Amino acid sequence: MNLQEESGGLCSLPKFIALLLLTILPNSFLLVAQLGPAVRSDMLVSTDWLARHLHDPNLIILCVIDDERLYSSGHIPGARMIRLSEIVTTRDGIPNELPPVHALERAFENAGINNNSRIILYGERSGILAARAYYTLDYLGLGEQAALLDGGMEKWEAEKREQSTEIPAIRAGKLSVRARPEIVVSLKQMAEYSRSPKASTVLMDSRPRIEYAGERLSEDVSKAGHIPHSVGLHWHELVRDDSIPELQDAATLQELFRASGVVQGKEVVTYCRTGMQSSFSYFVAKYLGFKVSMYDGSFYEWSRSSLPVEP
Numbered sequence: 001m002n003l004q005e006e007s008g009g010l011c012s013l014p015k016f017i018a019l020l021l022l023t024i025l026p027n028s029f030l031l032v033a034q035l036g037p038a039v040r041s042d043m044l045v046s047t048d049w050l051a052r053h054l055h056d057p058n059l060i061i062l063c064v065i066d067d068e069r070l071y072s073s074g075h076i077p078g079a080r081m082i083r084l085s086e087i088v089t090t091r092d093g094i095p096n097e098l099p100p101v102h103a104l105e106r107a108f109e110n111a112g113i114n115n116n117s118r119i120i121l122y123g124e125r126s127g128i129l130a131a132r133a134y135y136t137l138d139y140l141g142l143g144e145q146a147a148l149l150d151g152g153m154e155k156w157e158a159e160k161r162e163q164s165t166e167i168p169a170i171r172a173g174k175l176s177v178r179a180r181p182e183i184v185v186s187l188k189q190m191a192e193y194s195r196s197p198k199a200s201t202v203l204m205d206s207r208p209r210i211e212y213a214g215e216r217l218s219e220d221v222s223k224a225g226h227i228p229h230s231v232g233l234h235w236h237e238l239v240r241d242d243s244i245p246e247l248q249d250a251a252t253l254q255e256l257f258r259a260s261g262v263v264q265g266k267e268v269v270t271y272c273r274t275g276m277q278s279s280f281s282y283f284v285a286k287y288l289g290f291k292v293s294m295y296d297g298s299f300y301e302w303s304r305s306s307l308p309v310e311p
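For the sequence shown, the numbering used here puts the final residue at 311, and the numbers step up evenly by one.
Certain hints may be false.
[What the hints assert, rightly or not] Here are the simulated DSS-like pairs of lysine-lysine, each with C-alpha atoms no more than 27 Å apart in a straight line: (1) LYS160 with LYS286; (2) LYS286 with LYS198; (3) LYS198 with LYS188; (4) LYS188 with LYS223; (5) LYS286 with LYS188; (6) LYS291 with LYS160.
Keep in mind that the hints were calculated from the coordinates and are not lab data.
From a predicted model like this one, the values you see are computed outputs, not experimental measurements.
Please take these sequences and the hints and turn them into a complete structure.
Following this line, the structure appears as structure tokens:
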């Protein structure tokens, strides 16, 4: 188990320690404020933790894939497969939108998910698909039951842990969900954020820096640049290494967010090209304890409107 799982990071300092700092350190109030909210260490599990808990009752591992070969060539024992196409749809020409609640409910029920399941997610694209599944579960009100596998299958394989090609028998689950539309930002809402920026809200573009800066067009997007008043923080900067995509340690993540203007008391709205990269940023923002939502239509939708962009 990594340090942040053991301690919850600096942001999980007990209140009495924070109060002690206030009494013994000059400017300690500023120090405590800059640490940000408490890290939610329960949203991330290590490969060691998962290896010890593989057979826990109610534990369900979901492998989120776009290419079934990732799953069929070898998966974590007991893992169930869920396809990206089951949890995204194209609406009004905009890809990777959330399907209707009943369709999402059915997709997760077919994977054996119940309201008392503990869900561990891993998948393709260095954790992006797992993060998208997390965002979807959070939208359904099931985020408190879900966590990402830190380092994903890449780390599991590097550690030469057991794999299986056996497809587990799945008994369909039964879910009662309560959707959370407040974490889905519409084009209209995003336009309002952009026209009338709020000091309490940070718009975060998760695309590569050169796309944010307008030096390169995003795929299938005809306009260069970014949504006005947004900051750029490429999701890839949030992981240590692309070959084994473990999250940066909590202190590094907090510093990256702080440098982007995200400090305690701020809310975050993430976006990217089509809502995939920004799902990872959404996950990390919530992991760090911030209130967060996502503009799912992202720059793909924005660029097809008459709304302005900035280079």
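Verification of the supplied hints:
Restraint check: the Cα-Cα separation between LYS160 and LYS286 comes to about 31 Å, which exceeds 27 Å; the hinted pair is violated. Straight-line distance between C-alpha atoms of LYS286 and LYS198 comes to about 20 Å, which keeps the hinted pair within the 27 Å bound. For the hint linking LYS198 to LYS188, the alpha-carbon distance of about 16 Å falls within 27 Å, and the restraint holds. The straight-line distance between the Cα atoms of LYS188 and LYS223 is roughly 19 Å, inside the 27 Å bound, and the hint therefore holds.
A threshold of 27 Å between alpha carbons decides the hint, and for LYS286 with LYS188 the separation of about 23 Å falls inside it, so the pair holds. As the CA atoms of LYS291 and LYS160 are separated by approximately 37 Å, the hinted pair breaks the 27 Å bound.
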